[in-house]
Structure formats: structure tokens, C-alpha cells
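Protein chains in written order, with the working numbering: chain A, 46 to 294; chain B, 758 to 1072.
Just so you know, the hints here were simulated from the structure itself, not pulled from any lab data. Cβ atoms here follow ideal geometry from the backbone N, Cα and C, with glycine treated the same way. A portion of the hints provided could be inaccurate.
Said to hold, decoys possible - Estimated spans, in silico, between C-beta atoms of each pair:
(1) B:A1072 x A:N207: 42 to 50 Å
(2) B:R1066 x A:K167: 38 to 46 Å
(3) A:N207 x B:P1001: 53 to 61 Å
(4) B:N945 x A:E163: 48 to 56 Å
(5) B:R920 x A:T288: 32 to 40 Å
(6) B:N1065 x A:A174: 21 to 29 Å
(7) A:E281 x B:K931: 23 to 31 Å
(8) B:N945 x A:A235: 54 to 62 Å
(9) B:P1033 x A:P290: 25 to 33 Å
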Amino acid sequence: MNKLSNYQINYILSLADSTLILGQRNGEWCAHGPILEQDIAITNITLDLIGQARNFYQYAATLINEVEHKNETEDSLAYLRNERDFKNLLISELPNGDWAQTILRQFFFSSFMLLVFEELEKANDEQMAAIATKSIKEINYHVKWSSEWVIRLGDGTEESHNRMKNAIEALWMYTGEFFIPADYEMIDVASLKEKWLEKIKAVFEEATLSVPENTFMQTGGKNGIHTEHLGYILAEMQSLQRTYPGAEW
Amino acid sequence: MTLHDLEKAFQHKIDNEIKIEPKDWMPEAYRKTNLRQISQHAHSEIVGMLPEGNWISRAPSLKRKAILIAKVQDEAGHGLYLYSAAETLGTSREQMIDDLHSGKAKYSSIFNYPTLTWADMGAVGWLVDGAAILNQVMLCRTSYGPYARAMVRICKEESFHQRQGFETLLVLSKGTKEQRDMCQDAINRWWWPSLMMFGPKDSESTNSDQSMKWKIKRKTNDELRQNFIDMIAEQIKLLGMTLPDPDLKWNEERKHYDFGEINWEEFWNVVKGNGPCNKQRLAARNKAHDEGAWVRAAALAYSEKRKNRLNNKAA
């Protein structure tokens, strides 16, 4: 396989993995949300994320099968790869924590993905551009919904404000990875940082919150070096496919 | 008008198939029965999210995962319309939810059974939603307007769920031996509890007569149960599986399937709180509600602040 298609495949898989793993995490809220309307909203976002993941895995499978003459499917890529193969951003695999942490993670992640997809829409990879165009509509809503919640909780009660502060404390160090390019990345992620930070600061200001001084950042997800959480997510998610190899569902 | 005249006019409307609307006069017992039934139905949708939500993280393919999530989400939506319909009878959603959490209000006992394998997602869709639909199709013509209208919308989605459930089992029934065993086992476990969903026998049911007269119900528990058995006894042939009832047999004279005795002791035990998951279901609902209290308080505080700011600006 040539290097270029290998890069392309890895990049598509990294996007698939991030959206799937975050979908897997958000799905834990389904039936357990703080109020019915918001249970429905987070579940909607979960469905969008799983849908995006499926588009990426299907595209990756097509490319792999063309280049390597294999029989990959969206499910073999999602269910039969191991911890070190997954390239998702670390932030997507962190436990949900409380509603503040879940909201803030969605806000950081979706604000970043919106910029990524806007770049991909311009890419000369037609399939990628088509997935991006479809996803941008969804992500615009994810950004809007999560921004509104960041503001509501930041400027709500003393307790919600403190919980948002704790969430920022816990999650900030997982945002640096967004902008550190992996060798396979097809877009210049470093160049998105300023625009992302601008969005975060604007929403934080309205939420009476601030961006932390601490700038130490965790990295590794893009290259398959994960937190200890990922292994458990995969063990659970992949259990049926692993227990009954080759079965159709 | 005297009370007697009001009651006569009310019954006249019912007899002439005119829907009762929230602002219309209605007997207190009619209001109470509807409120009890609609809120119980809403609670069933919400508690019913738990046994299926149990398999979202382990759904065996991405397609199945998406279908399952969408289904559980539909149930949350059904809960919302039903709470709104019930609110038209004068009780707030908060009050109804408090009654659920305190154990005062009931929900369908079927959700007190555990979902043990993936095949349960199919069996719940096919049998549990299938049983629910028969009841709900009837309720599309119930006499209380808001309830009937909510049901029309819900029925469309529910029949889709039932087909998805059947299709899940169909795939398993054509799969490996382990999958076929899983399929049969799920049917065995969900069959009898599904029959219990229609409630006690007509001869034992306390609310039935008045509910029929007021057209809240249009078919009795036993009629609906028989319809369900006749339907499933045919559909199961397509799966090549069996129903766990040695007495199940077509009766040419009655033009219905005969069936064996339901274990009513089990039914009453689960109703009284002794089902395998009664405690877990209520604990999960209470936990979600309690842990969400600060979120709801923050949303309220924020909307108050915003209102004040807008008022100050205007002033």
C-alpha cells in the first residue's frame, strides 16, 4: 500500500474512532438524563455521532478493501480492532462525570470538529467532503446546544458555576491534543487553534467562566496511546462480536 | 344544570362518539381514571427505557446500536406527549414523577423483568411492544381527546418498533446454533410476562365495566389478550421457534387459539414490588432525578436571571 493511502485511511479511522467513542460515552446518558427533554437532546447527539462514525468507517472500509484486497466492514473496523489501534482523541473516552463535564466535553469537541469539517468540506476528496457537508448541519446544532448549556450552568447557580469550574479543570488538559498534528492528518489542525480558542472564550465570557492558566496538555490518543478507560469501553462494546466470531446480527 | 343532567349530557357525548376535551365537564371518577391510566402509561414509557437502554453499549453492530438508541429515544418522546396529555387533567408532570419515584404510582410490570441477552432486544420489541400496540390501537379511539390524539402518534412509532423487534429475532433465528438458542430462550422468558401485560382476567378486573361504559377502553383484557395470542401464534411460525405453552392449540370451534393458565401468583407478586428488577428500576429513576436536581435548578436560575436582565433593559 502506498504511503498516501495509508495516511488517508488512518485519518478517516481517527475521525471514525473519535465520533464512535464519544457516541458510546454519551449513550450512557440515555434513560438517565437530568430531565426528559435533555435526555432526548443528548441521545439525538449520540445518534448523530454514531451516524458520522458509520460514514467514516464505511468509507475507510472501501478504501482498505480497494488497496489491501480485504473484506473490512464498518463493523469489523469498530468491533474487531484493539486498544492500540484506536486513534480517537483522549477527551472522547473520558468518563461522563456529571452533566457539567458531559456538556463541556461536547462543547470543546463539537467546536473543534466544526472547524475540522469546514476544512474537510474544501478538501479534494469528494467522499470526505460529502460526509463533512452532512455532518456540519448536525454539528452546528451540537455547538449551539452545548454552548447554551455552558452558559446556563456557568451563569446559573453557585453550585452549577462551581461544577463548570471543576469540569474545566478536569478537561482542559485534553484539548491541546486537538491541535497537535499526527503524521497522518490531512488538514493543518494547528491552524485551527486560534479560531477554536476565540469561540471558547466568547462562550466562557457569557458564562462568567475563564480559560485556565495551566497549559499542560495530555496527548497520545491520535497515536493509539490511550487512558486506561478505553480498554473497558471496547471490552463492553465489542463483547458480542468477540464472543460469537463471524455471527451476523 | 343539576349533577344528574351534567352526567346525562356527558354520557350522551360518549355514546355519540364525541371526544371529551380538557375544559368539558366530566365526572370526577372519569378524570381520575384517565389521569391514573395516562400517567401510568407515561411512566411505563420512561421506566421502559431502562431495560432496553441496558443494551445500548453492547449492541452487536453499529446499525443495531443506532436502531436501539433511536427506539429508546422514541420512548422518551412518548413519555413526553403522555405527560402533557395527563397534565390537561390538572396534575403537573412534577407531581406525577414524584408519585412514580415514591412508589405511589404504578408502571407496567413487564419492565420489572431483566434483559439478559441481546435476543431480549428482539423479544421485547416483538412481544412487549406487540402487546402494547393492541392496547394502544384501541386507545386511539378512547373517549378522552388528548389521550386519543397522543396515541395516534405513538402507534405509528410502536408498530415500527415491533417490526424491528421481529426482524432482530428473524436474523437470530437464521444464525448460528448459539444465536438460535438465545432467540428461543428470550421468547421463553418474555412470553408469559407479555400475556400478563393485558391485566387480570375480566372476571377479576375491578375497573373494566365503568371504563367500557365511558369508552376509555373498548375491549376487555381477555379480548385483547386473545387477539395477541392469535397474532403471535401465527407469527412465531415464521421464526421457526416455539411458544412455551404445551396447551397452545388452535380451536376450530372458537376460531381462536386455546392457551394454558397464566401464573397469576407471579403477576401479583411483580405488581406488589417483588419482580426481579422492581427495586433497580425505581432506584435508577430516582438516581437520575436526584442527580439532575442541580441541573434543573441551574436552568431555572439562569432563565430567571435572563428575564430580569431583559426587564431591566426595557425599564
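Verification of the hints:
no.	hint	in the structure
1	B:A1072 x A:N207: 42 to 50 Å	violated, 31 Å
2	B:R1066 x A:K167: 38 to 46 Å	holds, 40 Å
3	A:N207 x B:P1001: 53 to 61 Å	holds, 55 Å
4	B:N945 x A:E163: 48 to 56 Å	holds, 53 Å
5	B:R920 x A:T288: 32 to 40 Å	violated, 27 Å
6	B:N1065 x A:A174: 21 to 29 Å	violated, 46 Å
7	A:E281 x B:K931: 23 to 31 Å	holds, 26 Å
8	B:N945 x A:A235: 54 to 62 Å	holds, 59 Å
9	B:P1033 x A:P290: 25 to 33 Å	holds, 31 Å
In the structure shown, a violation is registered for the earlier hints numbered 1, 5, 6, in ascending order.
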